[in-house]
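2 protein chains.
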Amino acid sequence: MNAHHSASTRALDLRHGRVDLSFGAGGRAMAQLVAELFVRAFANDYLARGDDGAVLPAPAPGERLVVSTDAHVVSPLFFPGGDIGSLSVHGTVNDLAVMGARPLYLTAGFILEEGFPLAELARIVDSMAAAARAAGVHVVAGDTKVVEQGKGDGVFITTAGIGALPAGRDPGGARARPGDAVLVSGAIGEHGMAILAQREALAFESTIVSDSAPLNGLVEALYDAVPAAAIRVLRDPTRGGLATTLNEIAAQSGVGIELEKKTIPVAPQVRAACELLGLDPLYVANEGKLVAVCAAEAADALLAAMRAHPLGAQAACIGTVTADPQRFVQIRTGFGGRRMVDWLAGEQLPRIC
Amino acid sequence: MNAHHSASTRALDLRHGRVDLSFGAGGRAMAQLVAELFVRAFANDYLARGDDGAVLPAPAPGERLVVSTDAHVVSPLFFPGGDIGSLSVHGTVNDLAVMGARPLYLTAGFILEEGFPLAELARIVDSMAAAARAAGVHVVAGDTKVVEQGKGDGVFITTAGIGALPAGRDPGGARARPGDAVLVSGAIGEHGMAILAQREALAFESTIVSDSAPLNGLVEALYDAVPAAAIRVLRDPTRGGLATTLNEIAAQSGVGIELEKKTIPVAPQVRAACELLGLDPLYVANEGKLVAVCAAEAADALLAAMRAHPLGAQAACIGTVTADPQRFVQIRTGFGGRRMVDWLAGEQLPRIC
Numbered sequence: 001m002n003a004h005h006s007a008s009t010r011a012l013d014l015r016h017g018r019v020d021l022s023f024g025a026g027g028r029a030m031a032q033l034v035a036e037l038f039v040r041a042f043a044n045d046y047l048a049r050g051d052d053g054a055v056l057p058a059p060a061p062g063e064r065l066v067v068s069t070d071a072h073v074v075s076p077l078f079f080p081g082g083d084i085g086s087l088s089v090h091g092t093v094n095d096l097a098v099m100g101a102r103p104l105y106l107t108a109g110f111i112l113e114e115g116f117p118l119a120e121l122a123r124i125v126d127s128m129a130a131a132a133r134a135a136g137v138h139v140v141a142g143d144t145k146v147v148e149q150g151k152g153d154g155v156f157i158t159t160a161g162i163g164a165l166p167a168g169r170d171p172g173g174a175r176a177r178p179g180d181a182v183l184v185s186g187a188i189g190e191h192g193m194a195i196l197a198q199r200e201a202l203a204f205e206s207t208i209v210s211d212s213a214p215l216n217g218l219v220e221a222l223y224d225a226v227p228a229a230a231i232r233v234l235r236d237p238t239r240g241g242l243a244t245t246l247n248e249i250a251a252q253s254g255v256g257i258e259l260e261k262k263t264i265p266v267a268p269q270v271r272a273a274c275e276l277l278g279l280d281p282l283y284v285a286n287e288g289k290l291v292a293v294c295a296a297e298a299a300d301a302l303l304a305a306m307r308a309h310p311l312g313a314q315a316a317c318i319g320t321v322t323a324d325p326q327r328f329v330q331i332r333t334g335f336g337g338r339r340m341v342d343w344l345a346g347e348q349l350p351r352i353c
Numbered sequence: 001m002n003a004h005h006s007a008s009t010r011a012l013d014l015r016h017g018r019v020d021l022s023f024g025a026g027g028r029a030m031a032q033l034v035a036e037l038f039v040r041a042f043a044n045d046y047l048a049r050g051d052d053g054a055v056l057p058a059p060a061p062g063e064r065l066v067v068s069t070d071a072h073v074v075s076p077l078f079f080p081g082g083d084i085g086s087l088s089v090h091g092t093v094n095d096l097a098v099m100g101a102r103p104l105y106l107t108a109g110f111i112l113e114e115g116f117p118l119a120e121l122a123r124i125v126d127s128m129a130a131a132a133r134a135a136g137v138h139v140v141a142g143d144t145k146v147v148e149q150g151k152g153d154g155v156f157i158t159t160a161g162i163g164a165l166p167a168g169r170d171p172g173g174a175r176a177r178p179g180d181a182v183l184v185s186g187a188i189g190e191h192g193m194a195i196l197a198q199r200e201a202l203a204f205e206s207t208i209v210s211d212s213a214p215l216n217g218l219v220e221a222l223y224d225a226v227p228a229a230a231i232r233v234l235r236d237p238t239r240g241g242l243a244t245t246l247n248e249i250a251a252q253s254g255v256g257i258e259l260e261k262k263t264i265p266v267a268p269q270v271r272a273a274c275e276l277l278g279l280d281p282l283y284v285a286n287e288g289k290l291v292a293v294c295a296a297e298a299a300d301a302l303l304a305a306m307r308a309h310p311l312g313a314q315a316a317c318i319g320t321v322t323a324d325p326q327r328f329v330q331i332r333t334g335f336g337g338r339r340m341v342d343w344l345a346g347e348q349l350p351r352i353c
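From first to last, the protein sequence lines are chains A and B. For the first sequence, position 322 (counting from the first letter as 1) is numbered 322 according to UniProt numbering, and the numbering increases by one without interruption. For the second sequence, position 165 (counting from the first letter as 1) is numbered 165 according to UniProt numbering, and the numbering increases by one without interruption.
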């Protein structure tokens, strides 16, 4: 008994060890992984209690709950500007934020591939914990499963999030109205091109860094700036890019959207990389950008609030909502031209998040 | 434009189609999968709204929230008594139920392997929807990602759950006290042996059927039967089996547990299969069984309540909590003997849930 105890309570080898199937089997090895890696990194009383779930306080009177979930399978796991750990926090925090909610709690389900280095797992978990702290959320419950080598791809992380929605806030994809303004909080396409450049080992003059970031602070700044009802729709244009997000809004609201091409911010190196690869930045994923559709009279105040926030320095008004029963998104190009901006068709960039 | 529209809005081929990478790319194909498969199967207003998250009512006054998550990687995907869809509902519903909570909402993150048959996916999603209806919960938010062939294994499903914890209920692994009784709601080891028999193509005289089931109704019956404070700990003994669950409780509460072997219910075909394979049913996973530690004076009433419920017909009192600073779980065998019941060490059965 004692020999067994002392052997099995030797600390995890977080430097040279690898994930084996026992880490997902529910026994002592899993308990050790949870205690020495997850509970330590996410340090909070909810997890430390060690039960099958976390007990949370009820939201404040008048607040509703918002929940969301995102599965993350990004490849490669580490990229300029982040990794699957930080991305898995930002993805779900941002889904809550664009619902108008204050993100509070996350859960995390890990699917690990046998043989994955524990040192990389620890790096991912630490990054996740740092991202959660920066966004002001707690990771309160988790689960770990292990699949055999060749049945997974390193690490997949599915997060779910719970937020509190203050009274009076109710942005939604169906609330855009003709005459509303369309704002974006910064330059588009950076996350997708950072992943693609890393994956294809493309060497550009300057590294393209993912914009992966938590948007909840920026969203609070917007609600501080204008009456809540002036904010019709908030979205983070992730997979499918700005083009797909705007088509979703047009479809849900039964409106058209007209964009002015020259107003849409795109960083020079993203534009160059897209041209090289034959991609349109309108379809490339973002992980730290906000699209806001708002009442026309609120546009200036919101634009100012965005630009005053560190994540919104390059914010721009990029178009207007139109009455269009066909729900088309169109873009005006430089020389008086105009073209359709359709949904993303097919897969431009698999496993971008 | 029109040709494109009509082509891409052709219905999904749920009979012969296969998952391709575009289903995870965020564009039109993904929107179609969500609309024609997930939103249809899970039919509720939260999902139908089509936003990035679901807005839920606040819990009733005095109630706290409980959240939990489970990643599911069971192999094979279909087994006697269930499939990964129903299991992914029961796993998270049961985690909430054993916290004393009434499960209300689930989120679901799907990681699909390219090439997986849409017909099998539809069968899994329908099973998940049926399990959710039977458990009285709504699947209110979801996400789908696709990985390349050989980077996953058909379907992985991570669910997170939200429940409401009525005032006065507070079961927890740290609340067992010497003198408490240990109850189990039925025969152990059925889920694990059902999976193993299927996986190894073992032919027994009678098929072993998984006990996968939602435990929230049974838990409500227990709280109806005795004062809430008499229920110290509730757990569902999944991975690692009854032995590991009891060791967790002993460790959290700082107590010992003494079991009476002959009182622990095991179905004859599970016992036979375990003997054949050299396994101990105490370590084999369950997905529809409840362990309850309760005040001694509440044991009879709880046992009667369990036995009156369809999922508790074979409930039994299997042991008592003892004062033991070494926190050992021990079992008394038939002939006056006694042996230690340690945590599961290593991996007995990978990918059991």
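Treat the hints loosely; a few may be bogus.
Pair ranges (Cβ atoms, derived) [as the list claims (entries may be wrong)]:
hint, chain 1, residue 1, chain 2, residue 2, range
1, B, Met340, A, Ala167, 55 to 61 Å
2, A, Ala201, B, Ala167, 56 to 62 Å
3, A, Asp324, B, Arg15, 32 to 38 Å
For the record, the hints were derived by calculation from the structure and aren't laboratory data. Ideal Cβ placement from N, Cα and C applies to all residues, glycine included.
So which of those numbered hints doesn't the model satisfy?
none
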